[in-house]
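Fit chain C to the supplied structure of chain W, relying on the hints for placement.
Number of protein chains: 2
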Amino acid sequence: MHPSHLFNKSDFIMSIKDATIQEVDQALLQSNNAFSKYAQTALKERAALLRTIAVELDALGDALIQVTMSETNLTEVRLKGERARTIFQLNSYADSCERGDWLEVSINTTDAQRVPPKPDVRKTKLPLGPVVVFGSSNFPFAYSTAGGDTASALAAGCTVIVKAHPAHPMTSNMVHGAIKKALKNLNMDEDIFIHMHGASTQVGEALVKHALTKAVGFTGSFQGGMALFNWANGRTEPIPVFAEMGSVNPVYLFPEKLKEQPEFFAQQYAESITLGVGQFCTNPGLIIGVEGELLDAFIRMLGEKIAAISAGKMLHEGIANAYKLKSKEAVDQYRVRVAGRSKDVDDSISGTPLVATVDAETFLANPLLSEEVFGPFSLVVACRDMNQLHAVASSMKGQLTSTLIATETELHDHQTLVHTIASKCGRLILNGVPTGVEVCLAMQHGGPFPATTDARFTSVGGDAIKRFARPVAYQNFSNALLPDELKNENPLKIWRTVNDVFTKDAV
Amino acid sequence: MHPSHLFNKSDFIMSIKDATIQEVDQALLQSNNAFSKYAQTALKERAALLRTIAVELDALGDALIQVTMSETNLTEVRLKGERARTIFQLNSYADSCERGDWLEVSINTTDAQRVPPKPDVRKTKLPLGPVVVFGSSNFPFAYSTAGGDTASALAAGCTVIVKAHPAHPMTSNMVHGAIKKALKNLNMDEDIFIHMHGASTQVGEALVKHALTKAVGFTGSFQGGMALFNWANGRTEPIPVFAEMGSVNPVYLFPEKLKEQPEFFAQQYAESITLGVGQFCTNPGLIIGVEGELLDAFIRMLGEKIAAISAGKMLHEGIANAYKLKSKEAVDQYRVRVAGRSKDVDDSISGTPLVATVDAETFLANPLLSEEVFGPFSLVVACRDMNQLHAVASSMKGQLTSTLIATETELHDHQTLVHTIASKCGRLILNGVPTGVEVCLAMQHGGPFPATTDARFTSVGGDAIKRFARPVAYQNFSNALLPDELKNENPLKIWRTVNDVFTKDAV
Numbered sequence: 000m001h002p003s004h005l006f007n008k009s010d011f012i013m014s015i016k017d018a019t020i021q022e023v024d025q026a027l028l029q030s031n032n033a034f035s036k037y038a039q040t041a042l043k044e045r046a047a048l049l050r051t052i053a054v055e056l057d058a059l060g061d062a063l064i065q066v067t068m069s070e071t072n073l074t075e076v077r078l079k080g081e082r083a084r085t086i087f088q089l090n091s092y093a094d095s096c097e098r099g100d101w102l103e104v105s106i107n108t109t110d111a112q113r114v115p116p117k118p119d120v121r122k123t124k125l126p127l128g129p130v131v132v133f134g135s136s137n138f139p140f141a142y143s144t145a146g147g148d149t150a151s152a153l154a155a156g157c158t159v160i161v162k163a164h165p166a167h168p169m170t171s172n173m174v175h176g177a178i179k180k181a182l183k184n185l186n187m188d189e190d191i192f193i194h195m196h197g198a199s200t201q202v203g204e205a206l207v208k209h210a211l212t213k214a215v216g217f218t219g220s221f222q223g224g225m226a227l228f229n230w231a232n233g234r235t236e237p238i239p240v241f242a243e244m245g246s247v248n249p250v251y252l253f254p255e256k257l258k259e260q261p262e263f264f265a266q267q268y269a270e271s272i273t274l275g276v277g278q279f280c281t282n283p284g285l286i287i288g289v290e291g292e293l294l295d296a297f298i299r300m301l302g303e304k305i306a307a308i309s310a311g312k313m314l315h316e317g318i319a320n321a322y323k324l325k326s327k328e329a330v331d332q333y334r335v336r337v338a339g340r341s342k343d344v345d346d347s348i349s350g351t352p353l354v355a356t357v358d359a360e361t362f363l364a365n366p367l368l369s370e371e372v373f374g375p376f377s378l379v380v381a382c383r384d385m386n387q388l389h390a391v392a393s394s395m396k397g398q399l400t401s402t403l404i405a406t407e408t409e410l411h412d413h414q415t416l417v418h419t420i421a422s423k424c425g426r427l428i429l430n431g432v433p434t435g436v437e438v439c440l441a442m443q444h445g446g447p448f449p450a451t452t453d454a455r456f457t458s459v460g461g462d463a464i465k466r467f468a469r470p471v472a473y474q475n476f477s478n479a480l481l482p483d484e485l486k487n488e489n490p491l492k493i494w495r496t497v498n499d500v501f502t503k504d505a506v
Numbered sequence: 000m001h002p003s004h005l006f007n008k009s010d011f012i013m014s015i016k017d018a019t020i021q022e023v024d025q026a027l028l029q030s031n032n033a034f035s036k037y038a039q040t041a042l043k044e045r046a047a048l049l050r051t052i053a054v055e056l057d058a059l060g061d062a063l064i065q066v067t068m069s070e071t072n073l074t075e076v077r078l079k080g081e082r083a084r085t086i087f088q089l090n091s092y093a094d095s096c097e098r099g100d101w102l103e104v105s106i107n108t109t110d111a112q113r114v115p116p117k118p119d120v121r122k123t124k125l126p127l128g129p130v131v132v133f134g135s136s137n138f139p140f141a142y143s144t145a146g147g148d149t150a151s152a153l154a155a156g157c158t159v160i161v162k163a164h165p166a167h168p169m170t171s172n173m174v175h176g177a178i179k180k181a182l183k184n185l186n187m188d189e190d191i192f193i194h195m196h197g198a199s200t201q202v203g204e205a206l207v208k209h210a211l212t213k214a215v216g217f218t219g220s221f222q223g224g225m226a227l228f229n230w231a232n233g234r235t236e237p238i239p240v241f242a243e244m245g246s247v248n249p250v251y252l253f254p255e256k257l258k259e260q261p262e263f264f265a266q267q268y269a270e271s272i273t274l275g276v277g278q279f280c281t282n283p284g285l286i287i288g289v290e291g292e293l294l295d296a297f298i299r300m301l302g303e304k305i306a307a308i309s310a311g312k313m314l315h316e317g318i319a320n321a322y323k324l325k326s327k328e329a330v331d332q333y334r335v336r337v338a339g340r341s342k343d344v345d346d347s348i349s350g351t352p353l354v355a356t357v358d359a360e361t362f363l364a365n366p367l368l369s370e371e372v373f374g375p376f377s378l379v380v381a382c383r384d385m386n387q388l389h390a391v392a393s394s395m396k397g398q399l400t401s402t403l404i405a406t407e408t409e410l411h412d413h414q415t416l417v418h419t420i421a422s423k424c425g426r427l428i429l430n431g432v433p434t435g436v437e438v439c440l441a442m443q444h445g446g447p448f449p450a451t452t453d454a455r456f457t458s459v460g461g462d463a464i465k466r467f468a469r470p471v472a473y474q475n476f477s478n479a480l481l482p483d484e485l486k487n488e489n490p491l492k493i494w495r496t497v498n499d500v501f502t503k504d505a506v
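Which chain is which? The protein sequence lines are W and C, in order. Mapping to numbering that gives the first Met the number 0: the first sequence position 14 is 13, numbers consecutive. Mapping to numbering that gives the first Met the number 0: the second sequence position 179 is 178, numbers consecutive.
Isolated chain W (complex conformation) (with noise of 0.2 angstroms):
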């Protein structure tokens, strides 16, 4: 079976109608009503939910991949580690539901002797109600229709409804497909996951204005996630938007540590920037060091290595010419010089590889070089000396991540330095490489605006529920009615504090 057989682009995406304000307003009458159900079920249907959805994406096998690829230009093997992503993803969230940490459930028990009385106050978290999630472009399953958000919104007991991105329609019908079929198997209300499409804003707004929408959950552009944040915001009720809108992600090179592999360093970056024709969030488009023979050393390996590597095609045609356009601009400006480029591919949707470098004096007077340039670009600062570098990285706005190449003498010796770096970012990583997002509970994908709208949550992780609850507490409630995680006995076996000590005890 050969899915092109089964699907003809052209043929369907015809068929795709932007969803109308009436659509809207249905759906979120639809989504609340489901959710006043939906909000009760208990932590171990909703895990079962998550990993029945991620059951049937994986049956959709290799037609899924197929539509993917003709809609994203990203390679089979990329597509079958991100959909093994996702599965893991929503597994793993699965697992986080119910383990419950997520609740912060915390208990203080009565003491009738005070004067005044204390009263027994528990609290656990309840769901904000219908989110609404916006597909990403550039991973097309593990951050839309059945990705992270929608994840972490059903796992805290919120309705969603996905506005599928324009650039994959199929591969989100098929996606969608698949979550319905899990309600279905699990005999949920179909309304607990409702699907539109809409390539024109309007879509986009209506939803983030429908006064049910609780909470808005989106990964993109910067423009994009303002006008969310700024339509969100300026509601009668405004609501939470958790929106991660991308970073340059800067890479400090201390010098001892790049005496000591500056070949490996050169051919790990080099990876590292064009991996996924460098379309990911935590690309690294900023490497920052010290000038200086080795560092020219570093950026000849570097430039050598970038233009041995082929342009590979960029998701959509949009994409590849703001990367064409941006790229250029950068390499453009004043005393910014290539130390790299690939060889150009004469046609409208490839990007080409690209390093430039800059001394950092130009760099802290052009507030341009500080941009994101989203493909497989990065841009060489060389400083002064260490001061200097000081003084780039306290330039830096808030960052997904920041990359530090450096000896432990180093990092001992430049401690200030360190947590300059620390305060602009949601993720330090050490003698590594920023792309590459671990899925597990200690990862913070996140970091201070513009890199996210709100440096207080993460989009990946246990965690990343959180976004979607919130607290409260029952006061002197009878045990026979609260909520499982709060009854005496501890039904659920969750970790909780009780007289502000962790315990899995009974009270």
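One or more hints might be untrue.
Mimicking DSSO-like on lysine-lysine, the simulated pairs with C-alpha atoms at most 30 angstroms apart in a straight line are [to be verified]:
1. W:396 x C:208
2. W:208 x C:208
3. C:423 x C:327
4. W:486 x W:117
5. C:423 x W:36
6. C:503 x W:486
7. W:117 x C:79
8. W:208 x W:36
9. W:208 x C:423
10. C:423 x C:396
11. W:486 x C:396
Per the computed footprint, the stretches of chain C lying under chain W, defined by three or more beta-carbons under 8 angstroms from a beta-carbon of chain W, are [to be verified]:
12. 115 to 127
13. 424 to 432
14. 436 to 446
These aren't lab readings, by the way, just hints derived from the structure by calculation. Beta carbons: idealized from backbone N, C-alpha and C, even for Gly.
Frame of chain W; chain C shown alone:
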């Protein structure tokens, strides 16, 4: 020593000047400068600071109480209680700070065998930066200068700039003195805490809009909170605002429970409505019951009890005038009937206890009737039946609290209604009163908009610290250079999740 000899109120107030824009700018520069060092203090140093502030606050003795009485019209008993609570709060947040649960440390260790190798990822929290705190008028100690927002921001590792509430500037100055003394005793930078006055909105606006401000804490009116929220979101770099903006705190009377003790509840609510001249954000402003003889009797008893409670002095003339206006406006509405009114006092400062009643149909048709009347006022809404009571519950906006007066059987028989009520509030009280916010970890003092600007946080209890910190992950870092809470050996002996399991053990 009689404090009125020490402080001549009018002379003193003459000397209170609004900060200039230059002073605001200077304050933020100093605060940000102090932050770079304070952010790196150990948890126990921050805890020591909070405990020392508590000692110095206590040491202000009767002199402080007398000054605050003269500024706020609050009674000596109330103010002594509030100071004790504030001292408890400082000590309790010190404990929370040191216990480190709020850091939500999680560690996922490496798996070098996996392909690709699984990195070592460890997550803790960093403080956001300088926090601007707006003192409240109704809690001159507990939610002002050294109050809950200040304590939680300092615990998080943030420096603080307090804008004193213009209704009690001398109190604020004295408390500032105590904090200065605490910082001096501990040889800490005095710029960790900066105090300024600003009766005009310009000072507040400049503080919130300053680029170096990283978060805002506020307790006060809806109008005030929304002004800060909009300024904060309109910045080039939006920042989080936690504004607690009050609530009507609906109380639902279920018939069977009311029947057991109508007089007891009438007494309890007459006291709760008039406690502190009704100037609590958890004041029960709406009481919802089912029409009939039983409710009539309750209304009559409540009315009689309210009529027998004398008018008390309110915080200041502005608040007293607003109360007169708003309570009159409420009782002047179509079909609203006064059920009990205390004897009016013919002065510009007193608040007359007042209870009114209306039928649910009228209530549902008139949005003005669900608005907060700040002061000793409550409106009893009579519903046709439990279905209409559910309709009233569904019509509610977000609340800090909701209260159920209900038997076990009634709760059991109306679970959907209970869920509706819970979905609208931050705290759900059974058979008690909403006034009295216990300071404990399990407390949730927050709630859906418009009770607060972010339902996912609390301003009371140790979790209040979480408003002012953000997660940061360290990937493949060297143990020696990790923050203490992330080190293998767990030198702080705090609770952490290691590979998804809670433990205090070393890695």
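Hint by hint, here is what the structure shows:
{"no.": "1", "hint": "W:396 x C:208", "in the structure": "holds (17 angstroms)"}
{"no.": "2", "hint": "W:208 x C:208", "in the structure": "holds (26 angstroms)"}
{"no.": "3", "hint": "C:423 x C:327", "in the structure": "holds (27 angstroms)"}
{"no.": "4", "hint": "W:486 x W:117", "in the structure": "holds (19 angstroms)"}
{"no.": "5", "hint": "C:423 x W:36", "in the structure": "holds (16 angstroms)"}
{"no.": "6", "hint": "C:503 x W:486", "in the structure": "holds (25 angstroms)"}
{"no.": "7", "hint": "W:117 x C:79", "in the structure": "holds (19 angstroms)"}
{"no.": "8", "hint": "W:208 x W:36", "in the structure": "holds (23 angstroms)"}
{"no.": "9", "hint": "W:208 x C:423", "in the structure": "holds (20 angstroms)"}
{"no.": "10", "hint": "C:423 x C:396", "in the structure": "holds (7 angstroms)"}
{"no.": "11", "hint": "W:486 x C:396", "in the structure": "holds (28 angstroms)"}
{"no.": "12", "hint": "115 to 127", "in the structure": "holds (count 8)"}
{"no.": "13", "hint": "424 to 432", "in the structure": "holds (count 8)"}
{"no.": "14", "hint": "436 to 446", "in the structure": "holds (count 7)"}
In this structure, none of the earlier numbered hints is contradicted; all agree with it.
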